[in-house]
Each structure stands twice: as C-alpha cells, then as structure tokens.
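Read top to bottom, the protein sequences are chains A, B, C, D, E and F. Numbering of the first sequence is given in our numbering, commencing with residue 1 and proceeding in unit increments. Numbering of the second sequence is given in our numbering, commencing with residue 1 and proceeding in unit increments. Numbering of the third sequence is given in our numbering, commencing with residue 1 and proceeding in unit increments. Numbering of the fourth sequence is given in our numbering, commencing with residue 1 and proceeding in unit increments. Numbering of the fifth sequence is given in our numbering, commencing with residue 1 and proceeding in unit increments. Numbering of the sixth sequence is given in our numbering, commencing with residue 1 and proceeding in unit increments.
Hints listed in this document are in silico derivations from the structure and should not be mistaken for laboratory results. You can take every hint at face value.
All copies of an identical chain are treated as equivalent in the list; a pair is satisfied when it fits inside any one copy or across any two copies.
Listed next, the in silico DSBU-like pairs over lysine-lysine satisfying Cα-Cα at most 30 angstroms (straight line):
hint, residue 1, residue 2
1, K102, K265
2, K82, K256
3, K256, K176
4, K82, K254
Number of protein chains: 6
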Amino acid sequence: MDYSEYEHLLFERRENGVLLITINRPEVFNATNARLHWELSRVWLDISDDDETRVAVITGAGKAFSAGGDLSMLEGQLGNFKEIHAISNEAADLVYNIIDCKKPVVSAINGVAVGAGLAVALMADISIIAEDARLTDGHLRIGVGAGDHAAIIWPLLCGMAKAKYYLMTAEFVDGKEAERIGLVSRCVPTAEVLDTALEVADRLGQGSQAALRWTKRSMNNWLRQASPIFDASLAMEMLSFFDEDVVEGVAAIKEKRAPVFPSTKGS
Amino acid sequence: MDYSEYEHLLFERRENGVLLITINRPEVFNATNARLHWELSRVWLDISDDDETRVAVITGAGKAFSAGGDLSMLEGQLGNFKEIHAISNEAADLVYNIIDCKKPVVSAINGVAVGAGLAVALMADISIIAEDARLTDGHLRIGVGAGDHAAIIWPLLCGMAKAKYYLMTAEFVDGKEAERIGLVSRCVPTAEVLDTALEVADRLGQGSQAALRWTKRSMNNWLRQASPIFDASLAMEMLSFFDEDVVEGVAAIKEKRAPVFPSTKGS
Amino acid sequence: MDYSEYEHLLFERRENGVLLITINRPEVFNATNARLHWELSRVWLDISDDDETRVAVITGAGKAFSAGGDLSMLEGQLGNFKEIHAISNEAADLVYNIIDCKKPVVSAINGVAVGAGLAVALMADISIIAEDARLTDGHLRIGVGAGDHAAIIWPLLCGMAKAKYYLMTAEFVDGKEAERIGLVSRCVPTAEVLDTALEVADRLGQGSQAALRWTKRSMNNWLRQASPIFDASLAMEMLSFFDEDVVEGVAAIKEKRAPVFPSTKGS
Amino acid sequence: MDYSEYEHLLFERRENGVLLITINRPEVFNATNARLHWELSRVWLDISDDDETRVAVITGAGKAFSAGGDLSMLEGQLGNFKEIHAISNEAADLVYNIIDCKKPVVSAINGVAVGAGLAVALMADISIIAEDARLTDGHLRIGVGAGDHAAIIWPLLCGMAKAKYYLMTAEFVDGKEAERIGLVSRCVPTAEVLDTALEVADRLGQGSQAALRWTKRSMNNWLRQASPIFDASLAMEMLSFFDEDVVEGVAAIKEKRAPVFPSTKGS
Amino acid sequence: MDYSEYEHLLFERRENGVLLITINRPEVFNATNARLHWELSRVWLDISDDDETRVAVITGAGKAFSAGGDLSMLEGQLGNFKEIHAISNEAADLVYNIIDCKKPVVSAINGVAVGAGLAVALMADISIIAEDARLTDGHLRIGVGAGDHAAIIWPLLCGMAKAKYYLMTAEFVDGKEAERIGLVSRCVPTAEVLDTALEVADRLGQGSQAALRWTKRSMNNWLRQASPIFDASLAMEMLSFFDEDVVEGVAAIKEKRAPVFPSTKGS
Amino acid sequence: MDYSEYEHLLFERRENGVLLITINRPEVFNATNARLHWELSRVWLDISDDDETRVAVITGAGKAFSAGGDLSMLEGQLGNFKEIHAISNEAADLVYNIIDCKKPVVSAINGVAVGAGLAVALMADISIIAEDARLTDGHLRIGVGAGDHAAIIWPLLCGMAKAKYYLMTAEFVDGKEAERIGLVSRCVPTAEVLDTALEVADRLGQGSQAALRWTKRSMNNWLRQASPIFDASLAMEMLSFFDEDVVEGVAAIKEKRAPVFPSTKGS
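Turn these sequences into a full structure, and let the hints guide you.
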C-alpha cells in the first residue's frame, strides 16, 4: 500500500503489523481543512486493503489530536447546496469507513479533539486518552445540530443522559471524566498515551487476525443497525448549514466573542 | 400560551425563553393524583406550541420532586378495565410527549422522585439531581411490573445490570449513585440543584434553537425505535392491575407493613 | 421438579422459593466439559417449569465460578463440522434459555469466570461479584471470535468502548472494575458474595411474581431484538474453529506459552 | 422420540425423515381445547430433539385444519388473572417454539383455520393451502385484540394494508386470495393439499439438513427482531380478556347472533 | 368535539360513531394549501379526543382525493429556512398523528392522490381505492427526495422493488394495480368507493373498540420502530428545497413543460 | 473513470449519463469465476466516483444474465479457511456496495440468474425481468445455507412465505411469477427487456440527481438496519462450506445427478 498521496497524514510502520498514523497540521492544532477531512474519510479503505497492516493507531502531531474544522472550510459551506451535498457524503464516509475498516483502529487522543477529529477519536475501536486531553462535540457552538458521529455511538458509549448533556451544552470533557462515563476505553497520564496505544496495538497485532476482525464486525452490528439514526442526524446537521444561526456562530468564533443566535430572538 | 388551566403546576417565565414549571402539591410530597398525572402528560404539548418558551425546567415544590401516585388513584384502578385502559393511554402520553416535545426539557430533581414523577425526572433531556435526592421506580413495591418509562430508557442510561437490579428490587438510589451509574446527567449539592438547572437551561435558551431541537430529535430516535419495547412493558404493567398481588401491595403501603403477595404462595 | 439427572450441578432449596445451584467441578475450577456445558444450557428450562422455584441463584463450588472450557472439549471441536454444528446450537441455548427463563436468575460470582461460565454469570438478571473475582471473555486468547454472549449484551452493560477493549484484548477485569463499568449489578467483599446474592434472591422470592417476571421479560426485549447480532457473532465464532489459529491457541495454552498465531504471519 | 403422551395429535413417520402430524379432533373441526393448545405449543420442542425427524408436516383431520378455540376454554379465561397469565405464556410458546424449531415445518391447510390453528398454519415455514380453505384471525369477532401471531408476521407476509384490513374486519380469506396476497406459500386444489405438502416435505427431507436449518434460522431473524412487537400485541390481547366486550363476544357466538359490544355505547 | 375551525375539511356524523371527513377544495382538485396542510396534520388529534367518533373516513370532494401541494405553497418554501423548518415539523405531524390516532382511519380514495394527499390516503389503517383513481408520490417530479410518508410505509405495503420503482420514476399507479401490489387494502368500482369505505367503517364502529385500537397500535409498532428511517427521509427531502433543481422543477410544472434539472448537467 | 481493468464486464456510455454494463462470459452463461465475482463486487465503487455516470444498467451478454458460480471456483473453497474468509468479505462487498452505490442501479434480467448473479439482479434498485427469464437462489442445491443477499432483502420483496418457499426448495421462478410476488419491479416480453431498462434509466438520468440519490439512500435504510441479519446468514453460509454435504452437492452437479447428502443419513 502506497500512502504517499496523503498530505496531512504521516505513516510509520511498527512491529507486528502496527501502522502509526499521525495527523500532521500541528501549526493549526491539526484542524481539518477540506483535504485533511477527505484524507480522514478515505484512509480506512487503504488500511483495509493494506496487506502489511494488521492494526492502525491514529494520533495527532504536537499538543492536539485535532481541533475541529478550519473556519474557512466552514464558511465555504454555508448555504452552498453543492458543498453541503458533497460534505454530507464525506462525513458519512468518515464514520462508516472506520466502522467497516477490516482492521482494528486504536486512537491515541493526545490532546484536544473536536468535530471530525472527535469523530475519528471515538469511532476508533479502542480509544486511549490523555488525562488532560479535552473533548467536545462542538456542533452546537456554531449553531449546527450534532450529527457526524454522535447520534450513532454516544448512547452506546456513555448513555443517553450524559450524551444529551454534553452534546446540547457543548461543554468540554477531560480525559478522566471521558473514561469515567464510558466515552473512551482507557485514560492514562499524558506522557504515556501514545506508548499505551502502541502497546495495545502491538498486542492486537500478535492476536488471531480473523478472530479480531470478526469480533469487531460482530460488535459493530450495533452501529450498522443504527444507520437510519445516523442518516437522520446527519441530514439535520446539513439543514443547519442553511440557517442564519450558523453564519452568526462562525462569525462569533472568528471574532472570539459569544454568539447571539438569530433563532433566540423568537422561540 | 395560557397555562391558567393547570391546577397543580406553577409556571414562571425567566430570561432567555426559560419556563420554570413547579409541581405544586408539597403537602403530599407532590404525589400525582389523577389531575396532576393528566397535567404531567399534557403540558409538553403546550410547551411545544408556546412561542415564548425555548427551554422548560421542571422541579418540585418543597422537599420532594414527586413521591409517586396517590394511593386513592391507585385503588380506583384496581381491576377496573375502563380506568386501566384510560391510564394506559395517559402513561404512554406522559412518556412520548416529553420525547416529542420540540423544546429541550431540564429536570431539577430536588428531592424524592417515584413513579410518574420519576418518569418525568428521567425522560427529561437533561437531569440535574440533588446529592441527597432519592429515586426509585417503585412499581415492584406494589406488585406491578415496571412499565411506565423504565423499559424504554434505563438500559440506555445505566446499562442492563444496574437497570434490572434497581427495577427488580425497587431499592432507592441516591443522587450521587444515580449520577455514577448514568441515570442522570449531573449531581450537585442539594442547595444548588435548581440554580444549576436554571443555569444550564439559560445557556440552552441562548443556543441555536433549530440545532438544539434537531439534536434532541436525533438522539431520541433511539427511544422512538424502542417504542414496541415500551408498549410491551406498559401493557404488562396494566395486566398487573388485575392481579390480586396489587391489592395486597396497595393495602400493605396503606397499613405501613410489608406486603405478603398472594403469588408467593405458589411459584 | 427432579434435578437428579444433573451431574455437575448441585441444587439446594432455600426459603421463599429460592433455588441455589452450585457448579460443582471444583477440582478443575468448575471448567465446563461437554456434560456441564449441556447442563448449563438446559437447567433454565427446568427452572421455568419448577413450581417450587421462584428465583434461582447460581454460584461455583470452591474458589472459582467457572474457569472456561476444558481443553479436551475444545480440541474435540477443532475442524469438526458436526461437533461445531452441535455446539453452536448449545451455545445459543445457553444464552437464550437464561433470557427466556421465566424466573429471575441471580449470579453469585465468587471467583474467576471465563467462557461459558462468564456467559452464565453475565446473562443472569442480577449479578453479584466478589471484589477479587476476575472475569475475561477469553475467546481471543485461543484465537476465536468473541461470540457466545458478548455481542448481545456487553454494549448494553458497559458500553461499546469498554466492551471492545476487553473483548479484543481479552484482559481480565476484577470485581470492582466490573461493577464500575456496569458489567455487573453489584460488587461486595468476597466473603459476602453468596450471602448477598441469597439475600437479594430472598427479597425477590417475596416479591410479586407476575410483576417480577414481566419486568424481566420487558427488559429482555432489548436482548431479543438483538438476536440477529447474537446469531452473527456466534456463527463467526464457529467459523474460527476451522482456522489454524485456534489449533495454535489451544496448543499454546496446554504448553503454557504465548501463542504465535499463523494469521500474524501475513496481514 | 416418544409422542405417545399426545392426546389430540396423531403422528405418522414417512420416508426421508418426514413426520406427519394430524390435529385430531375432527368432531369439533379440530378446535383447540386447553389440552390441544398445550400440545400445539409443545410439540415443536420434541421435534427439535427427534433424531428421526428432519421435516414436520402438520394438517387437520377431516374437513378443517383447526377452527379456533373452544368456547368453554375461552369462558374459563374471562377475567381470570391466573388463567390469563398462564395462557399468555402458552400463546408465546406456540409462536416462538415454531420459530425456534430446528427442523422446517410445512403446514397443509386442508380447511378452515382460525385462532391458534391459524397461528400454526401461518407460522409454519412453508404453507400449502387448499383453494377452498378459509382463514380468519378471528380475535376481533370476540372482542379481543389481534395478538397471538399476527403482529409478528402478517406485515412480512401480506403487507400492512392487507394485514390491517383482515385483522380489523376479521373477514375470511379463501385459499386463492391468501396466496395472492402472500399470506401462504402456495395454493392448490383441495384434493391435492396434503400430497403437495408431503411432496415438498419429502424434497426438504432429501436436502442438506444444516443448510436448511440455517436458512430457516437466518430468515427467522426478521421475526426474532420483532419480538417486542409480538410481546406488546400479546399483552394487549390479554388485557382484552378483562374487558366486558369479550363476555358479550363469547355470548354472541354461543347464541349465534351478532354481538352488541358494550364499548360501542360510548366512543 | 367542535370541528368548526376547519376551513377546508367538512365533517358529517354517521351512525355507529363513524365520522366522514371530506377534503373540500374541489375547484383545485383538493390540492393542499398551507391551511389545508395544517388541517390534515391536526385533525387526527381532535378525532382521538372526540368521544362521539369511533372511526374516521376521509375522502375528497368532487373527482379528486387530493392533487398534491399548491405551487404557490411550494414556491414559498424554496430556499427559505424558517418555512422549511416549520413544514418539516408539520409533515412529520401529518404522518405520526395518523399513526398515533387512537381511532381507526379509513380512506376512500375516490380519485387522484398526490403528495400530502397521498400520505393521508396510504397512512390510513384501511384504504379503499376507486378502480380509476391514480396515485403518485410525485416528489421526484419537482426534484425533491421522496420523504413525507413513503420511506416509513411503502416497503411494508408493496415491497422494495415496487416501492423504489414508483418512487424513483414518479409514475402513476391506478387503483387496480395499487391493490395488486399491496399499496391499498381494496379496490372497487369508482361509484362504490365511498359506500364501501363507509360500510367497512360502520362495521368497525360496531366492533369492540379497545380491541380495535389495540390491534391498530400493535400493528403500528412496525411503523414506530421505523421512525429513524422516516426522520432521515424527511430531512433529506427538506435539504432538496435548497437545491436549484427544485426551482426548475416547480417552474416546469407551472409552465407545463418537462424540467431540465441543473443537476443533470454534471453527474 | 477508467473501466479498462475489467475483464469480464463491458461498458458502454449512453445519453443522459446512463452507463450500460454487460456481464460478458456468454460461453458459460456469464457464470462467475473468481475474477468476475470480484469485478461484480467492485464496480459499484467506481460508478459512485464516476462523474460521467448518473445511472447504471447491468445486463448479461447472450441468453443468460448470470448462471451462478463456476464449479471450479466452488471447489477451491471447500473446507479452505483462507478462501472462505476472503470470499465472505467479497460476498458482503457485493451486496453492500450496490446498497451504498451513490447512483441508482437498474438490472435488465435478460435470462437465467443464479447465485451471485441473482444477488446483483435483485439488489439493483430497479429490476426489469424478461418473461421467460428464470431465477433461483440455488444455495440449497449444493448444500449451502442461503446467505449472500436473500436474508437481507427477500422478506421485503416478496414476503416471508414466498421467500422461505423458494429459498428452501431452490425452485426456479420465472419472470411473470417473480413480478407477481414482488421479487422484481417489472416484467416485460423478453425482446424488450434491455430497451425497457434503458428507457427507465434514461428517465432517471434526466431526473433530479440529489433527489434520486436521497430517495435511494432513504429506502435503503431498511436494508442497512437489517445488516446483522445479513451478517448472520452470510456466516452460516460460510460454515456450510466446511460441511461434507457441499462436497456431495458440487459433485452431483458435475456429474449431473441428484445429490445424496450425507446429512440425510442421520437427522
């Protein structure tokens, strides 16, 4: 498998079939631009076909895992039907391609994870988080319905009460709390997060490969069965991009101020 | 929206579209009589249509949230087909009208919550509980199958092992434990429970309203999909009202003694 | 009901309709041979029909609950279509017969639980675990996909992130951790595990029996609805028994060494 | 397998592992009394365990397949909680034991099929009907909700529009129409119905048995997944037995007159 | 119940609790304007609460049942977020309020039925169609995804192959064909359609009311369970209203010419 | 998009974005060898990405659509774990890649369709069949459980009674009957089958593309939700390849005689 076409992902082969993928835009905290978003939706197909890879580990370069979407990418979508149609397909691919990836995926959540980055972090089969890493779904911050991965998996991770609370308030969760409520598999001291993820991946790499892949496939039937729930949440998120709220939401972030959403004028 | 027809619910408008609803029968710990049960099933339709309300907060007057059903209401149902047919519809409305309420609902569980009161407390999108508040489903105490909200949501809140334990034993859970196992969103010191709920509601009231409502709708698809599970549990609960066990169960509560259920004579 | 045909299960009647079942092969840590596996799949039908039993408690004799499958039983299955066809039916019976057992089942997990023993321990309606008891699904250790109960219930017990972690790594979980993540109902000091289970069972035995059975039935609709997920995981597990990995996996355990799975030679 | 305990079912072994079962109360058109109802719920367990049987064919003695429940059996249930609790379990067993029967079941619907008889006729994996046989679910005729098999399978047989029409009106469907709308597998001239069923069974008896059983199991996952829909419909049917309408419904049939249901006095 | 507020629906009480509702804009073939759309979504709530009504029959005045949406209504929605948000709620209400209506609904499809009119015609529990009536979902004609009722019920009416064919091609189906493929309950000569519907309704009005309502509720659990599928299709339909294709689609209809959809310029 | 790598599929571009794909091994009735099986699983990914294609039509060269799997391909799989593991992935891809193909697919079933060819014919969104074309699932003929597409879609095409009948007996269905029971969208005279399919495709090619794709996606949520049912059926089919029955089944076909399956010796 040749990964040289990827611009923002680095690839490093380790022992026992482990492939370490690093999201590599550290200067912007690994925020997703259009190219990176596409690469994060696509790479799992290549890993499925890569005969040398038995387990993938994904982490972020520098201090962040991935800080969400570039504002410029978001601005290009607002009210633009063609863009939104395209991004809705890519957002679905990002989620389903991890679910359907034949090899197990381990995320090493070394720092902040937001938006599409959070989707990758939590859709991974096993997620190792740093104690001081912080997560937030973030859609509500910009006036968009939570939709790219949350509806399909959060209720099966941390339960409905926690899921709705964090999605509706868009509050941050730190690593310890994320582990306590079940959002992630394990929480470790920040300095150990990558080593721990690689150690777990190494063990999986030495495991029985058919057995591992079938275990993943079996468990993921809970997610496949929830496909219509995902589709509904995604389409509603896309509708939000035609709302004037999101224009204000994006402007407020650029101007580093609280948004005053037009929808709060009426009821 | 005119709420003047409500007898046992108080309404107070706060800033940012927040409507505070208080269950107001403090002299009986806000137990549900027939009128209050109807009001708790109905109010969510009005809130959906209320242009001035963006978020509802519900709490109890005095020390309790709601202490379950009046014994006299229960006695009127025993073995009475028409009553039971009617109450089965109203119990379904109570649960589905919260699920389908277009606006987010926050519960401030200030004290004990049992029966229909517990249904309201836990079906709310966000639930804030006082540390020393105590919850119990309570159906098994009177010899009735757990059915008015538990089957549709407990497995998605606290998991099956905890859910079956608390439903089958009818043990009380206090606020801290409820939060730990995922039954509620957050637990705070008793003195802060209403302020915290109002503060969260205020933030939601300032949020993007379409985005919030779609997030609620998306997440609640897990519950809508479980409708048949709810219907089955409700119909079985209703069947219990024709069992002689419930006669003994209600008598025992009135007489403040342990029940000796007829069904324990055979197997 | 006459339980005298059971060879490896002991039966003791207690007050209030409680039947205590003891898995009785302490010399091999209650590992399942072919006979015991059959008995564990079958006993729930008899309990459903037993007029004297209202609640069943199951525990292990000696220090273990049940240490998984005998190696000789496993070796007899490898690559043997008829054996595997038969065992797939029996493994399904073990899980569904507990789900469909009309009476509630309480497990007292006094020590290590692995494989079919773990299935019994966790499929029980209420599970009480000793603090120092240790659990592991164990399928991945021998190169077999996790399939005999995990896919149908773990996501509804401890959530997807924890479930995949423990199933894929086959790590042990101790009692405290199992309770913390929701795998079991309660964790108590080791000396108290059986008494606690019997005390809970005694309370259930004094409860309203129709109400209890309907509560169990209602909640288990979540599991019945997930039947296809179970069937898929079971069939994939059975496929593993034709893989050469499992030959190595079983050999490695007999030889008390780490396996070198053939599948790790390629990808 | 010893079938001598069955009173109202006759058993005849044919070539190729075919077992012909005849419902044998021709003097009452094979109506189900309590004993026959139990036998029809139970026989599938024995067939699953019967090493000499690969396929079961079930038909009725004389002109009818089975004309529904004896009025005396029905009268014994009215308003009787213990009876209704017991019959609800047996009605569930009748449906699920056919679904879970390891061997394929072929029904030869030689004449009228109503009530529990219809459940057996339509839950069979393959159903061969006589042109002039007539079917009706019949529950609505006596004032009881349709519940013993219809909700779990009719929408997957003949679609929702036809299903609701025939269930709500309790109209009869003849063999040709039943085949046209998909309720049954095939319709043949009356004189050929048993021979056709036996011929199909004979072919299955010569087929690959594991392949057949897995095909049945795979298809029936659609039904297992609909378990909560069945449970809800069954519990609602049972509730009907406490309604005064059913008293009138049964009386009207005994008196061979149209019922005047009390519920039609109000709305 | 007072129906005087309805402008475009006529109400006539018949014997045995039958309420005949006539869609009354014959001059425009009963096309839905904003007011009528709201009335068709709302009336089922009133019927549920109407103590004098046991069964509702709905038909169209004049030659049509309902010829779809007014073009002016459609034009008001194009690209208008607030309108589309509102109409998405109302379209959901129209479908769910029929599903949840406590009383059975019979449609007498006397002539052409398109769009929201088709939704009412096919969501009815029992549908009687005139031989020469013609149906079409019609969304694809104006460049909008099929979403207001089709996804939740067509696969359970006429199967997937027919459903996709008619939804994707937007071809008309006549009454005989609609009955043959299962889209409706019965097809009768045009002159008899209303009488037949009234006669069926009359029979239901004389039936056991609790039994009827529970039969409806039981069967509709198939639809409630498919709620996420509905939500997804509705949100995608709403997204279409921001596409430039729909502008062309509406223009083409006004100009009585074939559309040349912009999306057919690329792929 | 460059389709030159395909060996056994021919590609021809038509007006309005229609791509005609011809299965091209007429000398063996378009039977699938390993290469063609892979091409039929893969081509849908390319069509999704092909900017020039809006609709795909697939047909067979010569008199057949596709006559099932080459015997030599089948023989290579028997008892071969690696082969079976690989083919199980490819069989899943064949089904899901049509389901997930962004463009609508029309099948022109010009002649016999069996096995993987039947999967393609029936998973197509719209299926046009020739009157004298004949279909059979065929798995049971060689002693293998029906699993590659039937369980996920047949109950939603032709209902359970017909589905089980044709899958269990492996009887052929001709074009008229296939249309009558709902297995396909339309049946036309043999000479018109390709023209009809192309004409339908041409209309779709002129339709609104986003609306079409969302309609497909919405409807296919019924199939995605049934993913666990598919996975279970596929894994059971794969298990059959380790049964000695399939050895006899393949031998019998080669020798043009009826099989005598070993499993018919016992029960």
